[in-house]
Amino acid sequence: VTLRAGTDVPAFHPIKISKGNFTDAEQFLRYHTVSEETNAHNHVRVKIPGGGAAGQELIYKVQTLRDWRKQVGLPPRSSDLWRSASTLNLYGEDEEEQK
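Quick note on our numbering: the sequence shown kicks off at 1 and runs consecutively.
Hints in this document: simulated from the structure, not taken from any laboratory.
Possibly wrong hints are sitting among the right ones.
[As the list claims (entries may be wrong)] Restraint-style ranges between C-beta atoms, simulated for each label pair: (1) 56 x 86: 17 to 27 Å; (2) 16 x 57: 36 to 46 Å; (3) 20 x 54: 22 to 32 Å; (4) 27 x 6: 20 to 30 Å.
The beta-carbon is built from N, C-alpha and C at its ideal position, and this holds for glycine as well.
Could you build all of it, start to finish, from the sequences and the hints given here?
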């Protein structure tokens, strides 16, 4: 990028650059180039709302909360403790043995 001032500007003096009032597409076409060859590593990933697996946003929020509790040093949620204990069968296999 080469900048040329129309007048003398002192060192470290802020300058303003105006490329005009262009849309993003016009800006891209005027000042950038696009290779005509296909590039397998050049793609855009679009995340469409509701396009993921069912409940994916909820799982993300729960995992974020778990990570936050670990970072802050808080104990796990009681439901996580209950799930871990039930998989270990610490309190028996059925509900009557757990009471």
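Could you tell me which of the hints above the structure violates, numbers in ascending order? 3
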